[in-house]
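Q: Read off the chains here:
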Amino acid sequence: MKKILECSELAASYDGRKVISGLNFTINEGDYVCILGENGSGKSTLIKCLLGIKAPESGKIIMGDGLKQRDIGYLPQHTDLAKGFPATVTEVVLSGCLGRRGLRPFYSSKEKELAKQAMARLGISDLAGRSCRELSGGQQQRMLLARAMCAAKKLLLLDEPVTGLDPAAAADMYDLIDELNKKDGMTIIMVSHDVVKSLDSASRILCLCSSDHSFYGTPEEYANSHISSKFIGD
Amino acid sequence: MFDDLRIMFTPEFFGAILLPALIGGIAVTICSSLLGTTLVLKRYSMIGDGLSHIGYGALSVAAVMNMAPLKVALPVVVIAAFILLRLSESSKLSGDSAIALFSTTALAVGILVSSKAGLTNDVSHYMFGSILAMSKSDVILSVILSVVVILTYVFLYNRIFSVTFDENFAKATGVNASAYNMIFAVLTAVTVVLGMMMMGALLISSLIVIPTLIAMRVCKSFRGVVLTAGTVSVVSFLLGMFMSLLMNTAPGASIVIVNVVFFLLFSTIGTIRSRTGRS
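Chains A and B, in that order, give the protein sequences.
Position 81 of the first sequence, counted from 1, bears residue number 81 in our numbering, the numbering being contiguous throughout.
Position 212 of the second sequence, counted from 1, bears residue number 1212 in our numbering, the numbering being contiguous throughout.
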């Protein structure tokens, strides 16, 4: 197993309050990691650190195999972003290639091809010329996932990907993520509130329980630990 | 009426007054519509308005102190743009109330200083604009700065799109979003100051906001909005100027009215299209 990302003794705060400390975990290529934790437990702060938007207070994030933080494909938490914004699906997906461009100002045909492939992979090729304000919630998430795939070399980071979707669209989204993990070999890190689904699909669970206590292990280990009882019920 | 027109197109009037005004005006209109797209979509529409009032204050103070107006107003407005964008990002004081606070303060200072010094005439130029009174050096400066704004915009187009659409994602792909916001603040400030001399402090924000609103009624893509907004703003400018010469109305106000007519027209087209299902 090749290591793709490692956090060692990570500490970070949000608004001056320490939300993460002494966090350790290692993610291997092909893993499907679910991050669980209550609101305010530091999930968003951890994501910002992983993406390199925020510098950790102490500790290290080590990327494996020549990957850089900008090579992580990121699907942000659902917002009303695309509502009323005049942009075609192609324009949005293509903007995922920006990190690859470095300082060169315009996209090449190689990047346009990449965007086309990502749209085809997610089954939204027929929406390419549509405006993103005409899309349904599920279609919008697919578009944003395609954008993330343009940025991703091997690792996708998904922040609550099914929030705001109806049950059918949510199930579709989960199937798609499973497929990307199993068929395409993408490493997945997903923030989720859906414990049952997480235990079902994930290969690893990271639970941010409190600022100085966390759990990292397989779903079986998690289900057997006393921490899970709070989330699962009994 | 047509006698008036004939006088207007005498070589003397055309070459000395009308042509420079048209060149400077077209340059500034293109800039303001380009930047306007991002400002409107990021919900910063009022920043243009706020900056123009701050510019008015700075220009009044400069006029009273007998300093070159542009040299004072440009840096003041650039700094104000930084501060306003910063305030909109953090949230101690919400963006729109911060703008209201800054702009009315600057406006009050401007009016206070100029009324005390009895300079109301000069300063009302900045309030209502005086495109036909732009000096040759004003026009040259407008054109140079506009070219800089347009080139910067074209080269940063893809990044500007990404930062406008989703700042967090842009940051995650390694785009230095705060640097682009800074560059954007400077470009906006420069455009607002130039536009003020032409359209006046009261009307410049219409040049920034309305072309984008017009384009958004009918365009699906970001690129379409940018190109349509640019084209519509230039056409409205030329029609507005023509109307003002023909009917002897104030140029700035005429341009705004033409813009509003286009807005109504495009809104109707947009509505009809979505009714017939070809949205």
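Do not take every clue at face value.
Using 25 angstroms as the maximum straight-line C-alpha spacing, the simulated DSS-like pairs for lysine-lysine come out as follows [to be verified]:
no.: 1; chain 1: A; residue 1: Lys48; chain 2: B; residue 2: Lys1042
no.: 2; chain 1: A; residue 1: Lys54; chain 2: B; residue 2: Lys1136
no.: 3; chain 1: A; residue 1: Lys182; chain 2: A; residue 2: Lys3
Worth flagging that the hints you see were computed from the coordinates, not collected in a lab.
Q: Run every hint past the structure and note whether it holds.
A: Against the structure, the hints come out as follows:
| no. | hint | in the structure |
| --- | --- | --- |
| 1 | Lys48/A to Lys1042/B | holds (22 angstroms) |
| 2 | Lys54/A to Lys1136/B | violated (49 angstroms) |
| 3 | Lys182/A to Lys3/A | holds (17 angstroms) |
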